[in-house]
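Undergrad: The lines below spell out each chain.
Number of protein chains: 4
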Amino acid sequence: MAERVVLAYSGGLDTSVGIGWLKDATGKEVVALAIDVGQSGEDMDLIRQRALDCGAVEAIVVDAKEEFASDYVVPALKANALYQKRYPLVSALSRPLIAKYLASTAKELGADSVAHGCTGKGNDQVRFEAAVAALAPELTSLAPVRDFALTRDKAIEYAALHNLPIAQSKKSPYSIDQNVYGRAVETGFLEDPWNAPIEDLYTYTQDPSIAREPTEVVVSFDQGVPVAIDGVAVTPLQAIEMMNLLAGNQGVGRIDIVEDRLVGIKSREVYEAPAGIALIAAHEELENMTVERDLARYKRGVESKWAELVYDGLWFSGLKRALDVFIDETQKHVTGDIRLKLHAGTAVVTGRKSGESLYDFNLATYDTGDTFDQSMAKGFIELWSLPSKISARRDLAGK
Amino acid sequence: MAERVVLAYSGGLDTSVGIGWLKDATGKEVVALAIDVGQSGEDMDLIRQRALDCGAVEAIVVDAKEEFASDYVVPALKANALYQKRYPLVSALSRPLIAKYLASTAKELGADSVAHGCTGKGNDQVRFEAAVAALAPELTSLAPVRDFALTRDKAIEYAALHNLPIAQSKKSPYSIDQNVYGRAVETGFLEDPWNAPIEDLYTYTQDPSIAREPTEVVVSFDQGVPVAIDGVAVTPLQAIEMMNLLAGNQGVGRIDIVEDRLVGIKSREVYEAPAGIALIAAHEELENMTVERDLARYKRGVESKWAELVYDGLWFSGLKRALDVFIDETQKHVTGDIRLKLHAGTAVVTGRKSGESLYDFNLATYDTGDTFDQSMAKGFIELWSLPSKISARRDLAGK
Amino acid sequence: MAERVVLAYSGGLDTSVGIGWLKDATGKEVVALAIDVGQSGEDMDLIRQRALDCGAVEAIVVDAKEEFASDYVVPALKANALYQKRYPLVSALSRPLIAKYLASTAKELGADSVAHGCTGKGNDQVRFEAAVAALAPELTSLAPVRDFALTRDKAIEYAALHNLPIAQSKKSPYSIDQNVYGRAVETGFLEDPWNAPIEDLYTYTQDPSIAREPTEVVVSFDQGVPVAIDGVAVTPLQAIEMMNLLAGNQGVGRIDIVEDRLVGIKSREVYEAPAGIALIAAHEELENMTVERDLARYKRGVESKWAELVYDGLWFSGLKRALDVFIDETQKHVTGDIRLKLHAGTAVVTGRKSGESLYDFNLATYDTGDTFDQSMAKGFIELWSLPSKISARRDLAGK
Amino acid sequence: MAERVVLAYSGGLDTSVGIGWLKDATGKEVVALAIDVGQSGEDMDLIRQRALDCGAVEAIVVDAKEEFASDYVVPALKANALYQKRYPLVSALSRPLIAKYLASTAKELGADSVAHGCTGKGNDQVRFEAAVAALAPELTSLAPVRDFALTRDKAIEYAALHNLPIAQSKKSPYSIDQNVYGRAVETGFLEDPWNAPIEDLYTYTQDPSIAREPTEVVVSFDQGVPVAIDGVAVTPLQAIEMMNLLAGNQGVGRIDIVEDRLVGIKSREVYEAPAGIALIAAHEELENMTVERDLARYKRGVESKWAELVYDGLWFSGLKRALDVFIDETQKHVTGDIRLKLHAGTAVVTGRKSGESLYDFNLATYDTGDTFDQSMAKGFIELWSLPSKISARRDLAGK
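For the protein sequence lines, the chains are A, B, C and D, in the order given.
Taking numbering that gives the first Met the number 0, the leading residue of the first sequence gets 0, the next gets one more, and so forth.
Taking numbering that gives the first Met the number 0, the leading residue of the second sequence gets 0, the next gets one more, and so forth.
Taking numbering that gives the first Met the number 0, the leading residue of the third sequence gets 0, the next gets one more, and so forth.
Taking numbering that gives the first Met the number 0, the leading residue of the fourth sequence gets 0, the next gets one more, and so forth.
It should be emphasised that the hints constitute simulated quantities derived from the structure, not laboratory data.
Here are some of the chain D residues that sit facing chain B, going by a computed Cβ distance under 8 angstroms:
| no. | residue |
| --- | --- |
| 1 | Ser316 |
| 2 | Gly317 |
| 3 | Ala321 |
| 4 | Glu328 |
| 5 | Leu382 |
Quick list of the computed label-pair ranges, beta carbon to beta carbon:
| no. | chain 1 | residue 1 | chain 2 | residue 2 | range |
| --- | --- | --- | --- | --- | --- |
| 6 | A | Asn248 | B | Asp191 | 28 to 38 angstroms |
| 7 | A | Asn248 | B | Ala148 | 48 to 58 angstroms |
| 8 | D | Ala24 | B | Thr370 | 20 to 30 angstroms |
Derived lysine-lysine pairs resembling DSSO-like cross-links, with alpha carbons at most 30 angstroms apart:
| no. | chain 1 | residue 1 | chain 2 | residue 2 |
| --- | --- | --- | --- | --- |
| 9 | D | Lys84 | D | Lys352 |
| 10 | D | Lys64 | D | Lys106 |
| 11 | D | Lys340 | D | Lys64 |
| 12 | B | Lys84 | A | Lys331 |
| 13 | A | Lys106 | B | Lys377 |
| 14 | D | Lys153 | B | Lys377 |
| 15 | C | Lys304 | A | Lys304 |
| 16 | C | Lys340 | C | Lys352 |
| 17 | C | Lys304 | D | Lys377 |
| 18 | D | Lys27 | B | Lys377 |
| 19 | A | Lys304 | C | Lys377 |
| 20 | B | Lys304 | A | Lys352 |
| 21 | A | Lys331 | B | Lys304 |
| 22 | D | Lys331 | D | Lys304 |
| 23 | A | Lys340 | B | Lys84 |
| 24 | A | Lys377 | B | Lys304 |
| 25 | D | Lys64 | D | Lys84 |
| 26 | B | Lys304 | B | Lys84 |
| 27 | D | Lys304 | B | Lys331 |
| 28 | B | Lys84 | B | Lys352 |
Positions of the beta carbon are idealized from the N, C-alpha and C atoms, including for glycine.
The shape of chain A in the complex, shown without the other chains:
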């Protein structure tokens, strides 16, 4: 039997042409693997057939939407994960899932290598290969676009020459990646960071500047996981899909930043993640109600580190796993309801209630019923200030 390589197949130009390239360059049989993470767009059966038409010895489609939502997006929500405080890790979350299927498919089918269609200057190549290395260290990772220096022009030429069934009629000027959690758009005129984004870029969100009535929605969480919307029980996938609609229709979730890539350069990126931005706003405020101060403060540092690790392709690393158990421990009481007002690009919390709340009306109120013993404060302040006081005596001496 010929050696085999399992290719992460998107149905687009690069990976379609990649099937032939891989065969030509390595002599291996190419298995095309298409993972449905809610990127919508084309029908997965069409994609499967195209892979075969392009020369794949086998083409496999996996519906991983529920798994993606539950096992990849939910941990990101628990972590309030926003790289550089802004980016909800849309693509960074799907790569380890796809890599997991690359590795398991390679094992099942006896392949000795896997492949992806990434270039050599982005983050996704690292995410794919680092994940594969952590799951199946014996596999080799191939990246035809990067390693054979194949440009887009060469791909179009190859497709024409071999009569590959890939429509090139309407080429997008942008590079786009999307899944149920969001969309990433880059290149084109955005490469000048002074240029403002235009409406044309967006698919998941409506123009926030158009006048609309606000939408009010109550999101319920159980131990950090969204479990109901306006009282209706939902799976994580449903929660994301519903919030994409509700928040997206109000223009919530657009992001435009200059971003620090793992490979050492800065790039300008535009994202849409309506559900992500709205759910994180809700989740953070529920934590404000239910998590102790010191734990909450420390968790914020853990969140940054978690987001950086996932951004940097280290989903399956030991540190990421250990941060996950920390975060899970913090979520034990993050249960309750958050009322959000969605409007004109904003997702604003307007109410929160929880049976697990640490907010204590009787301690907080200035009204009758106050149970806070104010006389304790004097001693607290005295000792709290003591180190500063002692050093002031030193530092001010003789001044």
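Once you've looked at the hints, dock chains B, C and D against the given chain A.
TA: Then chains B, C and D, alone, in the frame of chain A:
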């Protein structure tokens, strides 16, 4: 000469009555000190006269608006300081400044103690007293409201009995603190965290849900400090005042959170800080353009710590000072222009340019002219993944 | 039935006199509770009888040595816990355990309060009361020595007056606390930090400057827990006791530092913890063999925080619990053998081996058999250096 | 004029042969640059002549010992820099200094590239090249041993063939790097981490197990810098040299660890750094006396990061520079005397005094004269425990 105490005087009921209370309880002469940090409201001369009418032996007014903006708000902007990721530290920034004047006035006038009007369950008592301890450790801090358990009812009764010139006609149901950087509102019906805020709470911001045309503005920074708005040079104070107007008119800067107080309880707070929210958004994105990745990542942890320290009343502590020099070092290249779109409660960056930019078009572009050597990525990924790969060999053995 | 208070009873002067004080001051019946955490010294039956003789309505002795070793010291070993990099938290570990028994005994016997014999300027008062607050928030904590300002002189006078059975013949000039994990010595001539410690202070360790033959010992760990010494299976308690002997006889584990107390002052402390210092040295090096780099680096920050929390009396806090699950996750592969050479005050690792090792001879060796692909390094360095390179182009321009 | 490359020249086999290799492979003229960082061994004039004899077009020797001590070791002392808590960064400190001279010499002599003799699996290649990239981004770095896959056997063969003046009579079984701050030894039988080090490895330290009289020495620091030893003023270089002698003669400063290399593997390393270990012990304890608690706690995290950055070759990075200004700020009061007892491999602080001390006898003492107000503690503990208490009420409800 009788002993003296310098009281931080606001002109309101508690500190007006406090003049008499302090005299009665301690026998000291009371010097009233009113610091103008842009809280607007009453004329400072009226406040000065009221203090005298209430029995102060002396009443001093200091216009500290420029100093507040330059020496207290600007460091907070450089630190992108948002406690719990949300609160721009409005009151927390003014307390150390007021404490500084309490201490210096006490030294000048030979007073042996200072006083403030805070209760025993908030943060401000700590901020005042910790700052005084760090600046003038020999002074005693008095807090008549807290230490003599004086309630609002007793204050009203005292004012009536002594015929103090304080209007009580229209008592606000809320507890409010404000300065040029923002407003804090608490208590009242907000003590039920499920209740949404109402328009009535807000002064610095217009209702974001009313349809308006967006406002576009370009903010220029020099080493992290806002120095021009739409090309017109401004002082820090002017930058804050102008952005309060521009962003406030678009409903930008409203904040509603459950907050972890230093004294150990959670409280529900509503804030307005239009300039703060808009300027921090601009400043953060300019940092994304001009600060190296690793420095930017580390700075985010420093920012959290800085905000916690300032929230916790440790403005004059050694750690705060050392974080300041770190932050100043990070700002050396944070120079350039940010274009903001202000609309319906959002302050969105739509463009950035800088002579100090680390964004390199030729490295970032996927177009002709790309200078990034993609062949380097393979080696990078190999070593980047190596620890995970080695541990995978161990962890997966026998599985 | 009269109200009851449960007193943490040591058998010493302060808590013996405290029985009477508490009765006199509160009218409550006093239950004396003595916890054996391996402090050795007097027979626990004698202590029990003394409590009754001093007026306790009931006296209870609990042998908690195994529990202390397994549930309090072992987590500290996993955390390599050294406050200020030096102090193994000897007393800080026993306080939460004692507080746990105070709380459970109070619940069983229907007491409404607990008490301890600490003064008001140390850490232990905080550790007792914070632990009780976290375990039984309805209980009140009393501290007769602190709250009634009872000095040692008053205690001696009271004991004499009431003819309490407490020998005062040989008063130590030092304040001492000890348990199976170590000893703490303070006050006396040590209060001048220029004075060197003298041999007289030490009980658990021999003089390291006396010439002896080195001792070699192999400690085996299973998931971070010491399980065998020189191949003989041990419980955690036995591991500590044996290492106290072996390391103590070589003078290992003496510590002399100026320490930052939680109450805001610096104090000078001398400790002995032979087993602690030796086992942490062994455990750290086994981690070097078996834990991934990034996880190990992050864990070092967690260790510092863990030690600070425990030092600060927050054993039962939410953050401490969440750090524990993080640390436990890191220990899954910390299994193997460490050979220690104990000599003249040093515990030096001279060999390590582990079936879970991540040290890979074939990658590390410079000999034949090297499997490391050196050609990968060039690409790695290129991208690793890229942020510095890009900023250098900016920073050096025009210089 | 032919193109030129500046080679970091050690005088050893690899770089001597490297002169010819570089010429053969690149056609460039080779300038040999030997930096004296106190590695002792051969006379620098001999080394200079050997470079010329091996074909260098020019050979330059720079005495950088003082600069190394003052500008590279002193910052490491201020940072108490110990990678993995153990390794004082001996080689990691010299690389950026050598790289600085490589870059400046290349600029002066119009060279377009620099070169070093490192292999492709160690840290030093990264340190050289990352430093050069940060100082002279236009230069190319060459690594003949790594990039041309030149093994030791090939080097010996080449040297014989070309009759190069390099004695190979007594080849060390180890790979050694040394400078005035310490020595690093690796490979050979040490590659089995169960093997104990042998006396033969060590040069800077005497056998600690031989009985000797202890040595007592007082080290004085001024703002974190060692400035006197036993009252005699010293430069940083002199301080290191004297402490190497004093501590080395007592066997202080031997280190044996499994280390996490930047390139992703673990290696086993043996080091000697007598002055480093002794001076850091002294410096840390002086900080305990003179630095505020919160600043000291935060600095410990900064220290770890600093050591990791320097280990990882990022000496000239923006983050490293910003951490330096933080650390310098912490050192303003680190002035005073530390008495060390050096004996049998240990450097133990036995006394500390400082005009900048924050240790306050009157607050610390339990004797007459105590000025600590113990009544303050009750209020402190109440608020300190409040978050745990509130969450306990929730967590224990119904249990």
